[in-house]
Amino acid sequence: MHITQIEEHLKIKDAACLIYRKEELIYKSNHIGVKPLLDFLDRMEQYEPLEELILVDKVIGKAALLLSALIGIRIIYTPVASKAAHESAKELNIALTSQRTVAYIMNREKNGICPIEKSVMDVQDPKTALINIRQTIQELMAKKK
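In case it helps, the working numbering puts the sequence shown at residues 1 to 145.
Hints are computed from structural coordinates only; laboratory data are not their basis.
Just so you know, not all the hints are guaranteed correct.
[Stated by the list, open to error] Using 25 Å as the maximum straight-line C-alpha spacing, the simulated SDA-like pairs for lysine to any residue come out as follows:
| no. | residue 1 | residue 2 |
| --- | --- | --- |
| 1 | Lys-127 | Lys-11 |
| 2 | Lys-22 | Lys-58 |
| 3 | Lys-58 | Arg-43 |
| 4 | Lys-58 | Lys-145 |
| 5 | Lys-83 | Ala-95 |
| 6 | Lys-58 | Lys-110 |
| 7 | Lys-118 | Thr-136 |
| 8 | Lys-11 | Glu-23 |
| 9 | Lys-144 | Lys-22 |
| 10 | Lys-22 | Glu-52 |
None of these values were measured; they are calculated from a predicted model.
Produce the entire structure from the sequences given, and follow the hints as far as they go.
Structural data, given as structure tokens:
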């Protein structure tokens, strides 16, 4: 896939997150953030075999990158990726291609760093990242109640 086709591809598929096994689309989600990757992770066994996985996503931050590593994704295409995601991709040997690189992923209010992204800033281990991400989501949900 050519980098200039990413946003068009997401529009055509009416999705925010697509996971392919080679050329076969095996997972599609309209949800944003890390929710699609967490959902895929929770149901990975139904997508066996997990080989040659490619992710196409609207935004990739370090949290999404670390979850992708845990899933076994080796290639990622995105319109926007954070600097931390690019740095982690190099360390984890994941081919991350983005149209733009941003300093960090913004929160939903657009007034600071995303709390999920913040929860993994000092983490490089994908399993530790998963623990931090789930804990942060739990804390955010508790605040909404």
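Within 25 Å, alpha carbon to alpha carbon, are Lys-127 and Lys-11? violated, 32 Å
Compare the distance between the alpha carbons of Lys-58 and Lys-110 with 25 Å, and conclude whether the hinted pair is satisfied. Holds: Lys-58 and Lys-110 sit about 16 Å apart, inside 25 Å.
Does the alpha-carbon distance linking Lys-144 and Lys-22 stay inside the 25 Å limit? Violated, at about 39 Å.
Restraint status (C-alpha distance of Lys-22 to Glu-52 at most 25 Å): OK: Lys-22 and Glu-52 at ~6 Å, within 25 Å.
With the threshold set at 25 Å, check whether the alpha-carbon distance from Lys-58 to Arg-43 stays at or below it. Holds: Lys-58 and Arg-43 sit about 21 Å apart, inside 25 Å.
Between Lys-118 and Thr-136, does the CA-CA distance stay at or below 25 Å? holds, 9 Å
Sort out whether Lys-58 lies within 25 Å of Lys-22, counting only the CA atoms. Answer holds: Lys-22 to Lys-58 is near 19 Å, not above 25 Å.
Mind checking the alpha carbons of Lys-11 and Glu-23 for me, to see if they're no more than 25 Å apart? At roughly 18 Å apart (the allowed maximum being 25 Å), Glu-23 and Lys-11 satisfy the hint.
Proposed proximity, Ala-95 with Lys-83 (alpha carbon, max 25 Å): holds, 14 Å
Taking only the CA atoms, is the gap from Lys-58 to Lys-145 under or equal to 25 Å? violated, 28 Å
Hint compliance for this structure: hints 1, 4, 9 are not met, and every other hint is.
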